[in-house]
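Student: These are the residues of each chain, in order.
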Amino acid sequence: MNEFLEKLAVILEVDEVNGEDDLRAFPQWDSLTVLSVIAMLDADYGVNLRAADLQEAASAGVLWKLVQSKKSP
Amino acid sequence: MRGSVVKFTFRRKRISGMLAVVPARERTFLEEMSNFNFPESRSLKLKEVMGYDRRRLVEPGVCVSDLAVFGLRHLFEGGWLQPDEIDGLFLITQTPDYLMPPTSNVIQGRLGLKQDAYCLDISQGCAGFVIGLIQAFSLLEQEGVRKVVLINADVLSRKTSPKDRNIYPLVGDAAAITVIERDAADSVIHASVKMDGTRSEVLMIPAGGLRLPSSPETAVLEDVGDKNLRAKDHLFMDGSAVFNFVQTEVPPLIEDTLKNANVAVDAVDYFLCHQPNRFMLQKLADKMKVPHARMPNNVVERFGNSSGATIPIAVIINLAEQVKGAGCLACLAGFGVGMTWSSMLMRLGGLSFCELVDYA
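If you're matching them up, the sequences are chains A and B in order.
The first sequence begins at 1 in the working numbering and counts up one residue at a time.
The second sequence begins at 1 in the working numbering and counts up one residue at a time.
Treat the hints loosely; a few may be bogus.
Here are the simulated lysine-lysine pairs, BS3-like style, with alpha carbons at most 25 Å apart [claimed, not checked]:
(1) B/K283 <-> A/K70
(2) B/K147 <-> B/K324
(3) B/K13 <-> B/K289
(4) A/K7 <-> B/K287
(5) B/K47 <-> A/K71
(6) B/K283 <-> A/K7
(7) B/K159 <-> B/K13
(8) B/K13 <-> A/K70
(9) A/K71 <-> B/K324
(10) B/K232 <-> B/K259
(11) B/K147 <-> B/K114
(12) A/K7 <-> B/K47
(13) B/K283 <-> B/K45
(14) A/K7 <-> B/K45
(15) A/K65 <-> B/K324
(16) A/K7 <-> B/K289
(17) A/K70 <-> B/K287
(18) A/K71 <-> B/K283
(19) B/K259 <-> B/K13
(20) B/K7 <-> B/K287
I should point out that these hints are in silico values taken from the structure, not numbers from a laboratory.
Please build the complete structure, drawing on both the sequences and the hints.
Tutor: Shown next, in the form of structure tokens:
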């Protein structure tokens, strides 16, 4: 999960993101950030999530669990 | 329901010329940024990531037939095409002059084209260059048909909200005119198409048809929760859904086409895709493991995304000398409204014209 959090931090332009952080609370959280996260998940984890999936995830850790559950076996 | 891919094979057909008509009026992202309901720093970030810079927009009132008539007159005057040679005229657009009559007939009438020119409007958009080529090649199977003109034209800027950062900064207006005829060489062209109407609401203009006629209510700007203001009369695009659609559906379709042709990815000189923005094309190239240099992505930054006209514009601004000469093996791919996704493998070469003109 650490690598995943580091990738989120780069996209959100902050020093670090923790598992309990609510992504929606970051000032940089907008449609561009959502698309950048979707693209990162597709390229690096082979997972395609909808914008709504991201908006519904309560924290970075919850999103990570969602990514893990969708990862192709 | 998912089934097998619709496959097409055509023999002895070629593209003999391409012309793009773009409005002379240019707008820059920096000029328009203040319209958006977002901090400047975020809009600048969007510009950097997506590759937005300049785009071409029609003046108020300019219609698809105006761009098309201008372009065809340019070809007649230059001696590249004779009016009487046009046996078929397909217009692919999402922004016709009228609900009825067909805009292709309006063009025919304004130019005085012959009565046995087979004119047809086709409601397609970003996948429409390949769809139009399929229609043109099919018509050319008829012995009496010698030359078909394909026009991909849209003025979508007139249907987008200037306060919608989701769509406004990427749209451009243009018409592309492609001439298709028989090939003396024994050439083979492969194509594949898929459509999925269950996702038709991902890209749509909700009002203005008969289901929801335009009214004062449909002209009201609304914020549906993402800080973008648009009316039901405006083009709506679910950007992240389009992104996922392209990443998951387009690579397998292109693979199918290449497999049918027994051609490897590395043997294709250029992947000439519809141009939604630089970001999506780079991600598509990465997914297909194609070097960015073999998948041009520089149309949106100079002209904007003009729907079905972007593949011809990509050819004209990047490969004009090559396709007028010995040519190249090109894989074309379009994707968008419908949803529709299409790909085609063909040689482009020996074109008699391949240029871009300003409409003023």
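Student: Indicate, hint by hint, whether the structure satisfies it.
Tutor: These are the hints, each one checked on the structure:
Pair hint B/K283 plus A/K70 holds up; C-alpha atoms about 20 Å apart against a cutoff of 25 Å. With a C-alpha separation of about 18 Å, the suggested pairing of B/K147 with B/K324 holds against the 25 Å cut-off. Restraint check for B/K13 and B/K289: not satisfied, since their Cα atoms lie roughly 30 Å apart, outside the 25 Å limit. Taking the CA atoms of A/K7 and B/K287, the gap is near 19 Å; set against the 25 Å cutoff, the hint holds.
Using a Cα cut-off of 25 Å, the hinted pair B/K47 and A/K71 is violated, with the two alpha carbons roughly 31 Å apart. About 16 Å separates the Cα atoms of B/K283 and A/K7, which keeps this hinted pair within 25 Å; it holds. Pair hint B/K159 plus B/K13 does not hold up; C-alpha atoms about 36 Å apart against a cutoff of 25 Å. Between B/K13 and A/K70 the CA atoms are separated by roughly 45 Å; this puts the pair beyond 25 Å, and the hint is violated.
This hinted pair does not check out: A/K71 and B/K324 have alpha carbons roughly 47 Å apart, beyond 25 Å. Proposed proximity of B/K232 and B/K259 is contradicted: the alpha carbons are some 42 Å apart, above 25 Å. The hinted pair formed by B/K147 and B/K114 meets the criterion: a straight-line CA distance of about 13 Å does not exceed 25 Å. For a cut-off of 25 Å, the pair hint linking A/K7 to B/K47 stands: about 21 Å separates their Cα positions.
Between B/K283 and B/K45, the direct Cα distance comes to roughly 17 Å. Compliance with the 25 Å bound is thereby established for this hinted pair. Restraint check: the Cα-Cα separation between A/K7 and B/K45 comes to about 17 Å, which is no more than 25 Å; the hinted pair holds. With a C-alpha separation of about 54 Å, the suggested pairing of A/K65 with B/K324 is violated against the 25 Å cut-off. Restraint check for A/K7 and B/K289: satisfied, since their Cα atoms lie roughly 22 Å apart, inside the 25 Å limit.
Between the alpha carbons of A/K70 and B/K287 the distance comes to roughly 19 Å, so the proposed pair stays at or under 25 Å and holds. For the given pair, A/K71 sits about 19 Å from B/K283 by alpha-carbon distance, which is consistent with the 25 Å threshold. For the proposed pair B/K259 and B/K13, the alpha carbon gap of about 20 Å is at most 25 Å, so the pair holds. About 23 Å separates the Cα atoms of B/K7 and B/K287, which keeps this hinted pair within 25 Å; it holds.
Violated hints, in rising order: 3, 5, 7, 8, 9, 10, 15; the structure is consistent with all others.
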